Amino acid sequence: MKLTAEEVRHIALLARLGLSDEEVEKFRNQLSDIMVNFEALEQIDTTGLPPTSQSVNLVNVFRPDEPLPSLPVAEVLANAPSREENSFKVNAVLE
Amino acid sequence: MNPLNELTIHEAHKLLKEKKISSVELTEATLKHLHKVEDKVHACTTVADEQAMKDARAADKAIAAGNIKPLTGVPALIKDVVCTKGIRTTCSSKMLENFVPPYDACVIEKLKAAGYVILGKTNMDEFAMGSSTENSAFFVTHNPWNLDCVPGGSSGGSAAATAIDEAMYTLGSDTGGSIRQPAGFCGVVGLKPTYGRVSRYGLVAFASSLDQIGPITKDVTDCALVMNVISGHDKRDSTTVPIEVPDYTKSLKADIKGLRIGVPKEYFVEGMQPEVRSTLETAIKKLEELGAKVDWNISLPYTKYALAAYYILAPSEASANLARYDGVKYGYSYRDSTNMFESMEKTKQFGFGAEVKRRIMLGTYALSAGYYDAYYLKAQKVRTLIRRDFEKAFTQCDVLVTPTSPTTAFKIGEKTDDPVQMYLSDVCTLPINIAGVPAISIPAGFVNGLPVGMQIIGTFFGEEALLKTAFAYEQATAWNKKKPALA
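Line by line, the protein sequences give chains A and B. Position one of the first sequence corresponds to residue 1 (my numbering), numbered consecutively onward. Position one of the second sequence corresponds to residue 1 (my numbering), numbered consecutively onward.
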């Protein structure tokens, strides 16, 4: 199974990942090569098996809701590429 | 006496405690050596000279007041994926090149409370994705045993720095072998704790159900000392398990009489370097001589599916975790567009390197409509089978012993164009993350001047058995005493 350029572009769109035309072609080949190896899993009968999402077997971990001081706003905003007053500044979402 | 930078933690501690050296002397000597060898090895992304000396002075003050703990005043390097307040944390990515965390990771809080000295941050594969440290967006780290070879990865900077004595010890992180494989390639000790043993709070997330932080050290004793400090429950990481942390130094007894060791045949894979196989066989025979009962015929039948399952599970989690790098709150941001989606897409296009993009693509595909059941859910069910393999094996043995990687360190550039070949370098380590059990890599010999790692795997929260086995072997062989001579 070989991915088409359109499929690669579709996946990139889902991830909001920009790709150049060269990257689309490179990934089309490399991802296909990697995914060939996934076919081995089809041989395994997993009927009735529970999926494992994590290995520690803890469920519903609760703790008391204790108020604690938050990080200082100035420190949190220090890494922001663009800010206005106490906010992160972004491009318009609605045109 | 050896140069100060060559000391282990426990040796340095003894001298500090006896007031034969100060932390300032130790830190100065280590930094001096680091700056001398760094242009050959390139293990560090950031060297924090000023902070190091500040920490050292504080440690000396504490020691003078009679307050000394095993890590007090002992300098360390930290993999650049662990958040350090006020010291940039880059993940060796253009995306986080100028990111200065506003808080410390849990392990850093613990090390600070233990009086440690931070020397700086170590190079890695970008976002911990890779097996050679060649995926760093900044530069390639070289293996101190042979500068033409990779140090392994993704914690290649940490392993190389430990091997060439740029620090007393380092921290790494391990999602599919990223502590153990480079430790093996560089001839040092690296432990991936049981999932849930060490808090991931402040560890930049790659694959959250697989990631663990762990120590890379010059010997097994040091490994136990660092584990004593970094382990334990943390309410900010709800996957840490609230069970008591033993004193791991109590496991450092060279007596392994009657210990049941299993050798899973599936780990002696096709295509493995013959000399690595024979080195491991010799090492296992050594353990047998020391009194262990070795079963050479243990089977973990689902091992051969682990690589495929891993390259579905880890990229899937990564694709979700890395969605946060959208150029809004921190990190690289593409600013030449007024369109929100274009900014986001270009931010990722120019901020991430090829391997990170590959894994985001793989994960997004495996999680997308129509493929979720066939890929992601299937891989999670296979994960159950792989875990059961280990559970069954540990009813028959106390520990399992395997090679850490099928080969010794490979040449820089050798595998960069072939992701599948690169992924095979982790074939012996990634099943352990899938199962969640702990494993350690220790030096077991040399082939053509390059170290061979032996991996010892334990059951859930069975770090003590690993340390005990590793310590007994180390005492009987002392491969760790060999030092690379930089050309």
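There could be a bad hint or two in this list.
[What the hints assert, rightly or not] Straight-line alpha carbon distances no greater than 25 Å define the calculated DSS-like cross-link-like pairs of lysine-lysine that follow:
no.	chain 1	residue 1	chain 2	residue 2
1	B	K94	B	K54
2	A	K89	B	K94
3	B	K94	B	K40
4	B	K17	B	K329
5	B	K285	B	K381
6	B	K32	B	K112
7	A	K2	B	K85
8	B	K329	A	K89
9	B	K61	A	K26
10	B	K415	B	K17
11	A	K89	B	K85
12	B	K14	B	K483
13	B	K253	B	K482
14	B	K32	B	K19
15	B	K411	A	K26
16	B	K112	B	K54
17	B	K40	A	K2
18	B	K61	B	K20
19	B	K253	B	K304
20	B	K36	B	K482
21	B	K415	A	K26
22	B	K392	B	K40
23	B	K14	B	K40
24	B	K14	B	K285
Since the hints were made in silico from the structure, they are not lab data. Computed from a predicted model, the values in this text were never measured in an experiment.
Worksheet item: What hints, given by number in increasing order, does this structure fail?
Response: 1, 4, 5, 7, 9, 10, 17, 19, 22, 23, 24
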